[in-house]
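Turn these sequences into a full structure, and let the hints steer you where they fit.
Position 155, counted from 1, in the sequence shown is what the working numbering calls 156; the numbers after and before it change by one each time, with no gaps.
Derived from the structure by calculation, the hints contain no laboratory data. Since the model is a prediction, treat every value here as computed from it, not as a measurement. Beta carbons: idealized from backbone N, C-alpha and C, even for Gly.
Between beta-carbon pairs, the in silico distance windows are:
{"no.": "1", "residue 1": "171", "residue 2": "60", "range": "41 to 51 Å"}
{"no.": "2", "residue 1": "53", "residue 2": "74", "range": "12 to 22 Å"}
{"no.": "3", "residue 1": "177", "residue 2": "154", "range": "17 to 27 Å"}
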Amino acid sequence: MTDQTTPTDPSAAFAELADRVQRVADEVDDWSAPSPCEGWSAADVIAHLITTERDFLAERGVPLPPAPDVATGPGAAWRDHASLVGELLADPGVADAEYEGFFGPTTIGASFLRFYGFDLMVHRWDVGRASGRDLPFTDAELDTIEASVAGFGEHLYDEGICKPGVEAPTDADRSTRVLAILGRVR
Numbered sequence: 002m003t004d005q006t007t008p009t010d011p012s013a014a015f016a017e018l019a020d021r022v023q024r025v026a027d028e029v030d031d032w033s034a035p036s037p038c039e040g041w042s043a044a045d046v047i048a049h050l051i052t053t054e055r056d057f058l059a060e061r062g063v064p065l066p067p068a069p070d071v072a073t074g075p076g077a078a079w080r081d082h083a084s085l086v087g088e089l090l091a092d093p094g095v096a097d098a099e100y101e102g103f104f105g106p107t108t109i110g111a112s113f114l115r116f117y118g119f120d121l122m123v124h125r126w127d128v129g130r131a132s133g134r135d136l137p138f139t140d141a142e143l144d145t146i147e148a149s150v151a152g153f154g155e156h157l158y159d160e161g162i163c164k165p166g167v168e169a170p171t172d173a174d175r176s177t178r179v180l181a182i183l184g185r186v187r
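Structure, rendered in structure tokens:
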């Protein structure tokens with residue numbers, strides 16, 4: 002799922018993706034605006050990213066300080082959270098920690114490269130969309146998202162992952178087709 006342009010170091014990959022989310026978050030004016038995720042505001046999407054990543058780390062025994070308060074500022078909360086996760090993933094004791102994953106044995110770092118990287122790419126678009134922007138995906142991001150979708154198989158549509166796909170227009174570009182698979186419409 003990685004190529005020459007995709008970092009394979011979990012800390013570096015996370016930092017790059019987290020920074021892209023931060024740049025979008027820094028431009029949000031209305032955190033209460035609805036996102037493409039049904040029932041979620043832009044702030045809810047940031048809260049979801051923070052909560053799911055923290056829960057994942059805590060379930061694997063990684064000690065964590067108290068969570069940042071999204072209610073007092075989603076952008077600042079994301080910045081604090083991303084800084085912490087980047088530091089944790091830079092520690093080989095955390096990144097290389099093995100566990101039995103949904104698809105078999107893996108490591109915390111590999112999960113951040115695969116699943117949480119996918120999550121950050123897609124939800125960056127969701128936050129942008131909530132603020133009225135249609136953010137582009139790079140070809141490398143589309144490659145990663147498509148590979149993730151193929152790897153998840155039918156589990157892509159399990160509760161809490163993605164809603165069922167929608168039909169893309171026949172003349173849709175690659176981004177629109179990928180978003181449609183994820184249940185999103187441009």
